[in-house]
Amino acid sequence: MGLDFDWTTNDDQQREAVLLSTVRRHKRSWRPWLIGIATAVILALGAWIGYRIVQQKNQAALEQAAQAYQQLQQQAITSHNGALFQSVNAAAPAWLSAQLQPRSWHSTLLNPQILHVEPHIHGLIATIQWRNQADWQQRDIFYAWRKNTLVQAPIPIDYWGDIVTVQQPWGRLTMREVDSPWIDEITQFVNRAILQECNERCRAQRLPFALTIRSSFATTAAPRQLAIASPRLWAMDAVGNPAPQFWQALAQMLHNQFAPARVRFAAPVPLVDRLQRLAEQFSAEHPTIQIDIVDLESLSPAPEQLFADVDGAYMLPTVSMITSGLIQDLTDFADSDPQVEAGDFEPRIWQASQWQSRLWMLPQSATMHVLFYDRALIEEMGLPTLPTDDWAGFTQFLEQARAHKRFDANSNVLFDVDADLLAAYASQLHCSFPPDQQQAQTHCLGEIGQANWAAGLDWYRAAVVDTQTMMDLSDHSA
1 MGLDFDWTTN DDQQREAVLL STVRRHKRSW RPWLIGIATA VILALGAWIG
51 YRIVQQKNQA ALEQAAQAYQ QLQQQAITSH NGALFQSVNA AAPAWLSAQL
101 QPRSWHSTLL NPQILHVEPH IHGLIATIQW RNQADWQQRD IFYAWRKNTL
151 VQAPIPIDYW GDIVTVQQPW GRLTMREVDS PWIDEITQFV NRAILQECNE
201 RCRAQRLPFA LTIRSSFATT AAPRQLAIAS PRLWAMDAVG NPAPQFWQAL
251 AQMLHNQFAP ARVRFAAPVP LVDRLQRLAE QFSAEHPTIQ IDIVDLESLS
301 PAPEQLFADV DGAYMLPTVS MITSGLIQDL TDFADSDPQV EAGDFEPRIW
351 QASQWQSRLW MLPQSATMHV LFYDRALIEE MGLPTLPTDD WAGFTQFLEQ
401 ARAHKRFDAN SNVLFDVDAD LLAAYASQLH CSFPPDQQQA QTHCLGEIGQ
451 ANWAAGLDWY RAAVVDTQTM MDLSDHSA
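Sequential numbering from 1 applies to the sequence shown in the numbering used here.
If you're looking for bench data, these hints aren't it; they were derived computationally from the structure. All figures in this text were calculated on a predicted structure; none of them were measured in a lab. Mixed in with the good hints there might be a few duds.
Below, a list of computed lysine to any residue pairs in the SDA-like style, where the Cα atoms sit at most 20 Å apart [to be verified]:
#1 Lys147 - Leu110
#2 Lys147 - Val272
#3 Lys147 - Ala91
#4 Lys147 - Ala229
#5 Lys147 - Leu84
#6 Lys147 - Ala204
#7 Lys147 - Gln167
#8 Lys147 - Ala90
#9 Lys147 - Ile121
#10 Lys147 - Phe85
#11 Lys147 - His120
#12 Lys147 - Gln64
#13 Lys147 - Tyr69
#14 Lys147 - Leu72
#15 Lys147 - Leu124
#16 Lys147 - Thr187
#17 Lys147 - Ala65
#18 Lys147 - Ile125
#19 Lys147 - Ala92
Work out the full structure, taking the sequences as your base and the hints as a guide.
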């Protein structure tokens, strides 16, 4: 028979009664706390749900704003509306220049859709996607806030991260941190290109070199320096890896680095022989570069076909050619080439080579037309004098003067618009005083001055009156 001890005593019963009473009191005191905690949890959950709803609404609003921008960009490109194009892009000259190239606006014509939008302190970073033939592609773009509206602008530097540099057997590879996952893939691609296109002699001449994956489309003319924009600016595939456009551009750049170059340059017929001799002299000094000078008149006048046949031309580029993406922006090349100095060119000619603060041609020659007329005689005829501060109304001025009843319509007796010697003479007087070359260059930037023009005018009168190439205006003031 086992022992079954009863451990309950009167004291235990009293303590149990006290404990039960205490528990009941605590249960009553806990109830408000439990209700408060539950209420707080419900409120927090409601606030979180409300925040998510607001966030989703804001996200949807941001995506709608970004999509609306894409539609405006597409409208500007398809309608060739330059004003609209500028209004939806940042005003930075280098940025605008890059957006004119087909590589930048090609995806815009493929009806891109906003895949994701992430707020940024200065705007929005969006991922757009589009279908290129059978494949989906994407890239990241940045929208900056400007007066409560969006404009596309360069992606901020904090997106790209720090600079990463890796030494390679062929040279140096530099890129931003965000692109560093592709180091091995890019390195292997360059290695294959060297094996395929660069023999032992080529390697001795062309290696080492530096390859930079940049956060922009800026390029360089520095020797042994190659620069290409990040795949994130070209295009990525559906899973975020570099798309074929990037690899094709890199392959072409490496081919240009290793293979002998052949350049076709178009020129007017009178210049072909002279330029061909210069080209042969250049090729003799640079055996890996061959330049062919072709007759400009033998080529198609259509710009698209013309620049498909040649690499450059002795001609003035038009704004239409530039905005169509047919002309290469030369600014980065000129800035990185120590042999190109803006000071080597007459300032007004150098300025005329630019559009939207970017360089689109290198001037080789210029003709300055001079209008010589007697102001007193013009006033006597009752014609308005030509403004001295600009050339506005120049054509109208000539038409009015030539139509005057005292002269027949074909008369040039009052006008010599090709009198370059007058300007040259006056300019030479203007620039010849400072003995120091640097002072002379600075001095020549100013106005020629009335005294120098008057001296040139006197000289011009004496030179042409005897040959009867223009009427004698000696009785009239200059």
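Next item on the list: Quick one: which hint numbers does this structure break? Sort them smallest to largest.
Entry: 1, 2, 4, 6, 7 and 16
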